Amino acid sequence: MSAAQIGAVAGVAIVTVVLAVLLRPYSPVYALLASLAGTVVLLAWMLPYAAQALEWLENFSVYLLREEFICLIRAAGIALVAQTAQDLCKDAGMTAMGAKVELAGRCMILLSALPMLQRVVDVWSRLLQ
Amino acid sequence: MRRKRFRLCRLLAMVLLVAAGIVFCPAVYAEEMDTPPQIQEYLDEPEISAEEFSSMSLPELIAALWKTVSGEFLAPFRLLGQIGALLLLASAALTFAPSDGWRQCIELIAVAGCFLLSADGTLELVGQVSAAISDWRLYLASFLPIFAGVMVSCGQSAGALVCTGLFFSMASLSAQLICSVAMPLVRAYLALNSAAGISGVPPLQEATQGLTRCVRSLLRGVSVGFAAVLGLQNTLAAQSDNLAMRAGGAVLSSSIPVVGAAAQDAMASVLAGLRVVKGSLGFAAIAVLAAAFLPLFARCLVMRLVLAAGGLLAKAFGLPRSGAVLEGAAEGAGLCLSFLVFFFMLVVLSTALMIATGTGGLFG
Amino acid sequence: MDIDLVFKIAAIGIIVAVLNQLLIRSGREDQAMMTTLAGLIVVLSMMVKEISELFVTIKTLFNL
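Chains as they are written, first to last, in the working numbering: chain U, 344 to 472; chain L, 942 to 1305; chain Y, 1252 to 1315.
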């Protein structure tokens, strides 16, 4: 990714914000939809580059167990999606919804980490025999 | 008259023969003495003898030491690589979700991963240290009676008493304490440390720090006490042995009329030979223990350094809880190292003390 | 996936808002409401496709 692309990203963000602010007095729902569209566009644009970084990091998974690597990457993905949804809810003024989305995200991260925590408990039982 | 003279000559001849026997046989015996088989077994056990060791130059010594410990570096450095990879991944995952709430979740996974990586190594280390100390205790149980026997033949009966009495009971007691009290404490410490890291609850962290301080001060107190008592007892025993030897020598030289002084010199050469055997035997025991000690010591030390480096790396990557867990694991490895060095030094210094005392005796 | 999407949504939003105002002023409120709803349905149908594509990409990328 060349550094000039950041200019394009900033440009898209500013345009979306301006449009959303423009639409807000007339129809808040379209303002929200416009900002949602802008978020989706930016995420979709960035993902191929994140994919490159993740492929490079996968080289290190030969040192670790596959399980730990997948766990961490999955946690990152869940955090990303949940954070996006949470911020959108906050933008619409629905903080309660945002908090529930965050809670759901955290529970899912914990669930995906459960096999690792099970292994930790096994090691504890070996230590404390 | 003639008969009386004949009887006198016969008596003189007998006395001369006995004198010759007293003077020459021990000397011959000392030169051609074969050490008894049990002693020879212990002398043959180590790869290096006392004479070879004393004639080694410094580069040769360093090369020999390196050969013993060079195999121990591979596994810990592989562990460091694994820890580094995990931390890199965790910090990359954190970039996708930089806000605080998500940071805690992702760091939980990183902490669990760090603990799992370090636990195998430290658990194995604790087991190896316990096994080594019990093996050494068994070795001492078979070796010390023989060493005490050689000490008695050197005239150090009080020293031999200290050897089989106080020293052996102290060594056994400390081995028992280390294997059944200290090592389980180290394991409990490792578990507590990881629990503190995973939960992030401050009182648990303080509890782990308090436990380390407790164990370290216990070790310090015990080692000072042992050193003081053993040193004192050995010195007193050596003094009483010297006194006994001098008194015995005075009686020998003054009571036997013609050949007392010659007999005294003959006994001196025998005792000098026996002292060499005592020194070689002591060195053999130290060499055998050192051959087992050095690789384990290197393993503990390298593991401790690797885990401490991992802790620093974690803190540099912005994962403080993972850093705390890794540093706790390094502390656990350090405790194992302390106990290992304590027991080894206890044995080696006491043996060296017992070899060194008694050289300034009656005939020296 | 382009910034055109944002512009399209903004344009539909402005048109719907203007139509809404006109219809309310001329007294046809129910038609105004239906226009708003129709606009919403169009925008959502455009967005849903993009959002589902995005989530599939995220799913494959992060092994969710």
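What the hints contain is simulated information worked out from the structure, not anything from laboratory work. Bear in mind that the values here come from a model prediction, so they are computed numbers and not experimental data. Careful, some of the hints might be misleading.
[What the hints assert, rightly or not] Here are the simulated lysine-lysine pairs, DSS-like style, with alpha carbons at most 27 Å apart: (1) Lys-1300/Y x Lys-443/U; (2) Lys-433/U x Lys-443/U; (3) Lys-433/U x Lys-1300/Y; (4) Lys-1259/Y x Lys-443/U; (5) Lys-1310/Y x Lys-443/U; (6) Lys-433/U x Lys-1259/Y; (7) Lys-1300/Y x Lys-1259/Y; (8) Lys-1300/Y x Lys-1310/Y.
[Unchecked claim] Only part of the chain L face toward chain U is listed, based on derived beta-carbon distances under 10 Å: (9) Cys-950; (10) Arg-951; (11) Ala-954; (12) Ser-1011; (13) Ala-1031; (14) Pro-1039; (15) Leu-1057; (16) Thr-1063; (17) Leu-1064; (18) Leu-1131; (19) Ile-1139; (20) Ala-1185.
All C-beta atoms in this analysis are idealised placements derived from N, C-alpha and C, irrespective of residue type, glycine included.
Against the structure, the hints:
1. With a C-alpha separation of about 25 Å, the suggested pair Lys-1300/Y and Lys-443/U falls inside the 27 Å cut-off, and the hint holds.
2. Note on Lys-433/U and Lys-443/U: the hinted pairing holds, with a Cα-Cα distance of about 11 Å set against a maximum of 27 Å.
3. Under the criterion of a C-alpha separation no larger than 27 Å, the hint pairing Lys-433/U with Lys-1300/Y is consistent with the structure, at around 24 Å.
4. With a C-alpha separation of about 31 Å, the suggested pairing of Lys-1259/Y with Lys-443/U is violated against the 27 Å cut-off.
5. With a C-alpha separation of about 21 Å, the suggested pair Lys-1310/Y and Lys-443/U falls inside the 27 Å cut-off, and the hint holds.
6. With a C-alpha separation of about 24 Å, the suggested pairing of Lys-433/U with Lys-1259/Y holds against the 27 Å cut-off.
7. A hinted pair counts as satisfied when its Cα atoms are at most 27 Å apart, and Lys-1300/Y with Lys-1259/Y qualifies at roughly 15 Å.
8. Restraint check for Lys-1300/Y and Lys-1310/Y: satisfied, since their Cα atoms lie roughly 15 Å apart, inside the 27 Å limit.
9. Hint on Cys-950/L is violated. Least Cβ distance to chain U is approximately 84 Å, over the 10 Å limit.
10. Given hint, Arg-951/L at the interface with chain U, is violated; its Cβ is 81 Å from that chain's nearest Cβ, farther than 10 Å.
11. A hinted interface residue such as Ala-954/L counts as satisfied when its beta carbon comes closer than 10 Å to some beta carbon of chain U; here the least separation is about 79 Å, so the hint is violated.
12. Annotation: Ser-1011/L was flagged as interfacial toward chain U, and the flag is violated, the nearest CB pair being 23 Å apart, outside 10 Å.
13. About 6 Å separates the beta-carbon of Ala-1031/L from the nearest beta-carbon of chain U, less than 10 Å, and the hint is met.
14. Against a cut-off of 10 Å between C-beta atoms, the interface hint on Pro-1039/L holds, since the closest Cβ of chain U lies about 9 Å away.
15. With its C-beta approaching chain U no nearer than about 6 Å, Leu-1057/L sits inside the 10 Å limit, and its interface hint holds.
16. Hint status for Thr-1063/L: holds, given a least beta-carbon distance of 9 Å to chain U, under 10 Å.
17. Satisfaction of the interface hint for Leu-1064/L is found here, the shortest Cβ-Cβ separation to chain U being roughly 7 Å, below the 10 Å cut-off.
18. Annotation: Leu-1131/L was flagged as interfacial toward chain U, and the flag holds, the nearest CB pair being 6 Å apart, inside 10 Å.
19. Look at Ile-1139/L: its Cβ gets to within about 7 Å of chain U, closer than 10 Å, so that hint holds up.
20. Interface hint status for Ala-1185/L: violated, as the beta-carbon distance to the closest one in chain U is roughly 52 Å, over 10 Å.
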